[in-house]
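Participant: Sequence:
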Amino acid sequence: MIMILFQGHLRASMFALAACNVGSLAVAANLVLTLDPEDRISVKRGLALTVLGFAYFASLFELINAAALSTGAGTRLRHKYRLSCGEVFDISNKMVSAVQAALSCVTGAVVVAWSCPRDFLRTSHFMSEAYAWFGTSYFFYDIWSMYMVHVQMCSSGDYKSKAQKKVSKNGDASLSMGDNLNTDMNQAKPVSIRPTFLEYCKYEPVILMHHLFIGGFGFLVIVYLRGDLGDCTFGFVYLMELSTPFVSARGVLARLRLKHTRWYLVNGLLMLATFFLCRVCSLPYVCLLHSRALNIPYLQAIKSLPTGCKISICILLLPQLYWFYLMSAGAIRMLVGGQRSTNSSAASTPATPGPAPSPATAVKSS
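Quick note: the sequence shown uses full-length UniProt numbering, first residue 1, plus one each step.
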């Protein structure tokens, strides 16, 4: 009877989360799809989009967690890939990040298709401002989400030692860690470590500053500080997110212990290609379009940009170059290491295997 009540409560909770998720996105779409292409987003409409955006991303995160932690299919997957509760939260976080990136790319494609062929410097599309209001909530949601991941990782001991087996907060050791744990009382003591938010801020200062910069300053630039500049440039900025689903998939595959599979290799190559095209080449290409729109040489067009704009380009581009360097170096190491392991295993395998040794011979050799 208790199990039936629990299952009914679980279904009701998941249905409520799904309704909140789908409903928030549908209401947000209804708020903007009736606008003309070059309409501006009012503050009232924008605030509503921000609230709906937070509801959408937070409910999606909780829905994925509920499906993975409380359903039969989710439990089987956790056992199969030996996932801790913290790792489930991390995978959910990366899946929401991929969804946000997909929405950003759709926005960028619409904006580029509308604004760039018309007037590069003046034409706008409401999708640019609308998603700035909707998408800025993601960066503040993600701070909360990453803190939840951090809490679960610390609770299960994932940040301290992946080999150390500890009971999760709900006391289900084998399900939490995905391994068959020793039931010795010394190894099965519950861990109740919950770091404060301030401690998390000290743990991840760089990503927090990145989220605050993009969600705060980036939002202000698109909505208020751009003056009468059109949306073509910002459309390419939205398209920079095209590489994010592959970055997220890389993290998910690593959590599933699939680093040595062909899927991981193919995804890594796609991640490199999209990162190079959309994050390294996009801003120089936008500067080229700007020079063509003004009909002046490329370098002169860059010099003609306002100082704040040039500083913003450097802030956006220089980290991309550094990250692309790290990704490329990692890909080269993976490819070279895989080739070496293949060659070494081939060299160690005899061409014509001889007969198996007798038990006496084996004992003597040992």
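Any given hint could turn out to be false.
Using C-beta positions, here's what the derived DEER-type ranges look like [stated by the list, open to error]: (1) Arg40 <-> Arg333: 24 to 30 Å; (2) Cys309 <-> Asp119: 43 to 49 Å; (3) Trp323 <-> Val266: 16 to 22 Å; (4) Ala113 <-> Thr307: 42 to 48 Å; (5) Met209 <-> Pro117: 33 to 39 Å; (6) Tyr224 <-> Phe324: 38 to 44 Å; (7) Leu299 <-> Pro117: 36 to 42 Å; (8) Ala273 <-> Leu294: 37 to 43 Å; (9) Ser304 <-> Gly251: 37 to 43 Å; (10) Pro117 <-> Asp228: 31 to 37 Å.
These are computed hints drawn from the structure, not numbers from a lab.
No residue lacks a Cβ here, since even glycine has one placed at the ideal position from N, Cα and C.
Participant: It remains to establish, for every hint, whether it holds in the given structure.
Facilitator: Outcome of the hint check:
no., hint, in the structure
1, Arg40 <-> Arg333: 24 to 30 Å, "violated, 49 Å"
2, Cys309 <-> Asp119: 43 to 49 Å, "violated, 18 Å"
3, Trp323 <-> Val266: 16 to 22 Å, "holds, 20 Å"
4, Ala113 <-> Thr307: 42 to 48 Å, "violated, 31 Å"
5, Met209 <-> Pro117: 33 to 39 Å, "holds, 36 Å"
6, Tyr224 <-> Phe324: 38 to 44 Å, "violated, 31 Å"
7, Leu299 <-> Pro117: 36 to 42 Å, "violated, 25 Å"
8, Ala273 <-> Leu294: 37 to 43 Å, "violated, 31 Å"
9, Ser304 <-> Gly251: 37 to 43 Å, "holds, 40 Å"
10, Pro117 <-> Asp228: 31 to 37 Å, "violated, 19 Å"
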